[in-house]
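Fit chain B to the known structure of chain A by using the hints.
Now for the letters of each chain:
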Amino acid sequence: MHSILAVDDSASMRQMVSFTLKSAGYNVVEAIDGQDAFEKAASRSFDLVLTDQNMPRMDGITLVKRLRETPQFKSTPILILTTESSDQMKQAGRAAGATGWLVKPFDPNKLLEVIQKVIR
Amino acid sequence: MIDDSSPLGEHAIPLLVAAELQDHLMTATNDLDRLQTLLADACDTLMLRFSSAVEQMQALMGAASDHRIQADELLPVMRSLGAAVTALQFQDMASQLINHTHRRLRSCADQLAREAMGDDEEGLAVVEDAPLRPNPVTQAEMDAGSVELF
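Protein chains in written order, with UniProt numbering: chain A, 1 to 120; chain B, 1 to 150.
With the rest of the complex left out, here is chain A:
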């Protein structure tokens, strides 16, 4: 079973993401912000990281940069799921090493399609 790290500071978003992923058979670990996610990623590996951008303590793009510096996450798919839709932010995400940029709100079926496409 693939494991996914879902990162969002909004409890309702974490519930929506977890419900969607668990319904499709994925194992989901939740993190409340980038710092929490980075600490959880240090203790185990994941098949995919799905993260929000705007969060306290550590934002999504910083999390992507930090994970990419870690050997075990060098090629792990990392998707940013955010309300931010500007080209400037997308380019920043791309430069940091994100695999893709998804704008909220997400449609459960579309999210699962994207995950199936990028997960190994």
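Quick caveat, the hints were computed from the structure, so don't treat them as lab data.
Ideal placement from N, C-alpha and C gives every residue a C-beta, glycine not left out.
Don't take every hint at face value.
[Stated by the list, open to error] So, partial list: chain B residues that the calculated Cβ filter (under 10 Å) puts toward chain A:
| no. | residue |
| --- | --- |
| 1 | Val85 |
| 2 | Thr138 |
| 3 | Ala144 |
| 4 | Ser146 |
| 5 | Phe150 |
[As the list claims (entries may be wrong)] Here are some chain A residues the structure puts well away from chain B; computed CB gaps all over 12 Å:
| no. | residue |
| --- | --- |
| 6 | Met1 |
| 7 | Tyr26 |
| 8 | Phe38 |
| 9 | Lys40 |
| 10 | Ala42 |
| 11 | Ser43 |
| 12 | Arg44 |
| 13 | Asp47 |
| 14 | Arg57 |
| 15 | Met58 |
| 16 | Lys65 |
| 17 | Glu69 |
| 18 | Thr70 |
Below, chain B without anything else, positioned relative to chain A:
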């Protein structure tokens, strides 16, 4: 009697006007706080109902796997739950929008007070920082957002 002059000189906003504007801005930020609380309460209730619907759905899926009911009978319910997942993200987007507007109004109120009344005797008046970037929430509808793979 209130001194209606301002430390900024003759072209500055009179103190009474500045005070009234600041009062409006502070009232608006308080209203946004209440709106945030109401929204959070409403969404907590929706989430509880949603979780309950999901549990019932899982029980029905168990019944479908035992052939006690037809699996295709569950498709409309699954579609409805999927649409609810999209709609329930409204709370996250609305909260970000409210928070951003709150910070901007609060900063305006603080700046107005400082410009009209000057600094405190103890030092510089505290002005809450305005957000550096525009509001990140640009979506106006609840249609699913875009997907871009790099």
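Could you work out which of the previously given hints the structure breaks and list their numbers from low to high? none
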